[in-house]
Amino acid sequence: MSDRGTGERLDARGLLCPLPVIRTQDRVRTLRPGTLLDVIATDPGVLHDIPAWCRVHGHRVLFSRREGEDIRIRVEVCET
Amino acid sequence: MTKKAVALISGGLDSMLAAKVVMEQGVHVEGLNFYTGFCVEGHTHAIRRKDRAKEKRNNALWVAEQLGIPLHIIDVTSEYKDVVLNPKHGYGQHLNPCLDCKIFMVNKALAWGFMDEHGFDFIVTGEVIGQRPKSQRKETMPIVARESGADDLLLRPLCAKNLPPTRPEREGWVDREALFDFHGRNRKPQMALAEAFGLTDYAQPAGGCCFLTDERYAAKLADLWEARGERDYELDDIMLLKVGRHIRPAPHYKLIVGREEGENRFLEGYRKRFLHLRTSRVPGPLALVDGTPARDDIGLAAQVLARYSQGRDEAEVEVSVHHPDGVVELVNVAPLAPAELPAAWHV
Ligand code: SF4
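Taken in sequence, the protein lines are chains R and E. Read left to right, the first sequence gives residues 1 to 80 (the working numbering). Read left to right, the second sequence gives residues 1001 to 1347 (the working numbering).
Isolated chain R (complex conformation) (with noise of 0.2 Å):
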């Protein structure tokens, strides 16, 4: 279901950090290395919270943007 370059998608939109931080990793625990994770989500604190979790748990991610009202976080499932 989930190889490489099919992208799988989280809505945590409307939750405050840590929540999409805490949906984020309990996610990426079910996917397969190689998977790109597409986080959605409102609190800016993800900006920095997200990256954070990837650097310590040795996932990457690949970036983030704004898209309006939404900020939008690609994370790809490393081997760990």
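Hints listed in this document are in silico derivations from the structure and should not be mistaken for laboratory results. There's no promise every hint is true.
[Stated by the list, open to error] Selected chain E positions facing chain R (in silico; Cβ < 8 Å): (1) Tyr-1035; (2) Arg-1057; (3) Asn-1058; (4) Trp-1062; (5) Ala-1064; (6) Glu-1065; (7) Ile-1069; (8) Pro-1070; (9) Leu-1071; (10) Ile-1073; (11) Ser-1078; (12) Asp-1237; (13) Met-1239; (14) Leu-1240; (15) Gly-1269.
[Unchecked claim] Quick list of the computed label-pair ranges, beta carbon to beta carbon: (16) R:Pro-51 with E:Arg-1295: 45 to 51 Å; (17) R:Glu-67 with E:His-1028: 37 to 43 Å; (18) E:Pro-1251 with R:Leu-31: 47 to 53 Å; (19) E:Gly-1149 with R:Arg-29: 34 to 40 Å; (20) E:Val-1282 with R:Arg-72: 35 to 41 Å; (21) R:Gly-58 with E:Ile-1143: 33 to 39 Å.
Since we're looking at a predicted model, the values are computed, not measured. Think of the CB as a built atom: it goes at the ideal place given N, C-alpha and C, for glycine as much as any other residue.
Assemble the complex: chain R is given as a structure, and chain E with the ligand must be docked to it using the hints.
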């Protein structure tokens, strides 16, 4: 074989040092952080504009990064309710159930860390005897160990030498001699140790790690329970207590008025669920009305809102009243004079 410890990481200095001390002994350490809903971290800084210049970082994640360890954050918001509502050991100075909270967290760490897939050998906390008058005393240390179920698998590296040897010490997983005997409220030994480890930037929470130790916050929570006639809360309730002025003109309703732009934006997120008010012709804050206001109450609520708008010195201000069903009505009201707003209404 390398032993594995799970360390409770609050984001403060003590838990950071405790984890580091054990790592220095060659133990594999991973961090665990619990999100209770009352944590002072993250979004609370992001909400208020005046706090924006300050760090918005999540301190626990930041600590993990400094230490170079993974951090697992666990959402315990619903289970934690029972700790807040029914603490067996009572509250600290405000509504902080610190002793029950510690027991709860160590118990959770035990359940999480000892799951087969995680396979940890012991638990580490940054507790220091005498650090907190109620929850970190010599007598409370064995209570936390016993009631959490961790017993002698709970190691407090910063004060271990003042306590009986735990299993990690007895079995030689860690060297007791290289642990510490800190006690009391003096922070100097921790600061010196931080310096020795080259850790220079760390959070120093004043009262504790959560809003329950905050006098004003605790008063708002107590007010919420009293107004509703029951001790209970939802996550949204406790989030909203962190934001805005809370003004209760009568037991059956209160206003939550944004104090600045960041708070107004935060309150916006709740506007579909609450009756809310805003000034329509002059700049002013957003106010949510929580409770069951009667028709007659809405006029007074509008007057209170007008008092915090830029029309406060006008004879009349137009306020739009947005009902949760989408109906919007306009009312013209005289802003309440400061003397007409009793101090007792401020929760
Ligand atoms: S300050 Fe809050 S989080 Fe910290 S131990 Fe006390 S109740 Fe728990």
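Results of checking the hints against the structure:
1. Tyr-1035: holds, 5 Å
2. Arg-1057: holds, 6 Å
3. Asn-1058: holds, 5 Å
4. Trp-1062: holds, 7 Å
5. Ala-1064: Because about 5 Å separates Ala-1064 (chain E) from the closest Cβ in chain R, which is inside the 8 Å limit, the hint holds.
6. Glu-1065: holds, 6 Å
7. Ile-1069: Status holds, d = 7 Å.
8. Pro-1070: OK, holds: Pro-1070 (chain E) within 8 Å of chain R, min 5 Å.
9. Leu-1071: For Leu-1071 (chain E), the interface hint holds, since the closest Cβ of chain R sits about 5 Å away, which is under 8 Å.
10. Ile-1073: holds, 5 Å
11. Ser-1078: Constraint on Ser-1078 (chain E) not satisfied, violated at 13 Å.
12. Asp-1237: Where the cut-off is 8 Å and the nearest Cβ of chain R is about 14 Å from Asp-1237 (chain E), the hint is violated.
13. Met-1239: holds, 7 Å
14. Leu-1240: At 11 Å from the nearest chain R Cβ, Leu-1240 (chain E) fails the 8 Å test, so the hint is violated.
15. Gly-1269: holds, 6 Å
16. R:Pro-51 with E:Arg-1295: 45 to 51 Å: For Arg-1295 (chain E) against Pro-51 (chain R), whose Cβ atoms are near 50 Å apart, the range 45 to 51 Å holds.
17. R:Glu-67 with E:His-1028: 37 to 43 Å: The hinted range 37 to 43 Å holds for Glu-67 (chain R) and His-1028 (chain E), with Cβ atoms some 40 Å apart.
18. E:Pro-1251 with R:Leu-31: 47 to 53 Å: Holds: the Cβ-Cβ distance is about 50 Å, inside 47 to 53 Å.
19. E:Gly-1149 with R:Arg-29: 34 to 40 Å: violated, 25 Å
20. E:Val-1282 with R:Arg-72: 35 to 41 Å: holds, 36 Å
21. R:Gly-58 with E:Ile-1143: 33 to 39 Å: holds, 38 Å
Violated hints for the displayed structure, listed by number in ascending order: 11, 12, 14, 19.
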